[in-house]
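With the hints as your guide, set chain B onto chain A.
Okay, here's what each chain looks like letter by letter:
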Amino acid sequence: MSAYAADVAALARKDLLLEFRSRDTLPAMLLFVVSALTVFHFALPGGSSERAETGLLWIAIVFTALLGLARAFAAEREQGVLDGLVLAPSDRSAIWLGKTIGVTVFLVLAELVALPAFALFFHPLSWELVAAVALADLGIAAIGTLLAAMAAASRARELLLPLLFLPLVIPVVIGGVGASVAAEPGSFLAFLGLYDAVFAILCWASFEYVVTE
Amino acid sequence: MLGVLQAPDYTRAVIRARKLSKRFGDKRVLEGLNLEVPRGGFVLVTGPNGSGKTTFLRLCAGLYAPTNGELEVDAPRGSIGFLGHEPLVYRELTALENLDLYGRLYRIPERRERCGAMLERFGLWDVRNERAATFSRGMLQRLALCRTFLHEPNLLLLDEPFDGLDADGEKRLHLKLAEHGSTVLVATHDPKPLSVRATARLALT
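Protein sequences, first through last, are from chains A and B. First residue of the first sequence? That's 1 in my numbering, and the numbers climb one at a time after it. First residue of the second sequence? That's 1 in my numbering, and the numbers climb one at a time after it.
With the rest of the complex left out, here is chain A:
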């Protein structure tokens, strides 16, 4: 394993271990997404279109991700640990990649509960929907982790993260809903893949500037 991969693995493993011990983030994400889908189930009028139902799933996913991202750098913020990580000789983008892997794992775990709940409340899952959610997770985690790091350094972090994050994930919702309900989902899935690739590269390259003054 290369030194870079070893750094990323150590940082991602640390995030999973911290969550396993503190249980700060994942239970909140699970409770939120199930609660949101339950509320949507009772709020949506009977006979609503599949498009409307799928749209609500994407809203639930985006806000669940936001909940997790708000806590993404909490452990680093508490004891100033980000300074320690930044001072290490490893490539600083490894911090972003390790954290992005952790965020993706939490999102996937939340969706392992959310998608069956959606199928139970609304309509059966299609492979296009599952593929779109998987692709969206990568983009949400990539851009969300970068923005969470930016927000963590700010005093108005609770305000800043949603303000930055929500506009930037609008394309994810468009691509996700499109892939879930369109007759030809291929172009929407490709759009989501392109979004992931572009933002992953941008975030990977710019993380160093976010964590240094």
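Any given hint might turn out to be false.
Computed, partial: chain B to chain A, Cβ under 10 angstroms [to be verified]: (1) Ala65; (2) Leu93; (3) Arg104; (4) His151.
Honestly, the hints are just simulated from the structure, not real lab data. Beta carbons: idealized from backbone N, C-alpha and C, even for Gly.
Just chain B, lined up with the frame of chain A:
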């Protein structure tokens, strides 16, 4: 010019500052600081609260960027040991896990042995498997010192290193500093305990 540095060896400077300034918004913290810190020097950075001691160390560590002026630090990132006000450790990880993580990131050979040696050195071996969240202020400071010395840095930047330490902790730190041969900058409001070791003093006002 805020600092007065005594007896520097200008031929082998590790840190060079020219007209160094740092502001946070409208607040001026450092202004027009000129100094050179020689390799192997032991510099005490003193001054009243708010004089910029911490800011200067953070500038040297690369955690802040200067507002104006130049700052050259002739030490690669991985060769700097930084002890700040915060211990820079994860509360939910044990003492050993915290050091092991830093050991991996600093690519320390024989990482586990070094972590163990450091924990023993600062009297934390018996609590190595306890989470940092359960540590007292003094134990956290000892753990922070373990982290700082773990990779045998060539440039040590210590901000109030005796904070929270009991007599035993202070003794252990004195011993470690006595055998540490590299350049050391210590920011402190009480220079007396280290004045014997100091080769120079930077007095910020």
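Checked hints:
1. Ala65: Given a least distance of 5 angstroms, the restraint on Ala65/B holds.
2. Leu93: Holds. Min distance 7 angstroms.
3. Arg104: Nearest chain A Cβ about 4 angstroms off; hint holds.
4. His151: Hint on His151/B: holds, closest Cβ of chain A at ~9 angstroms, below 10 angstroms.
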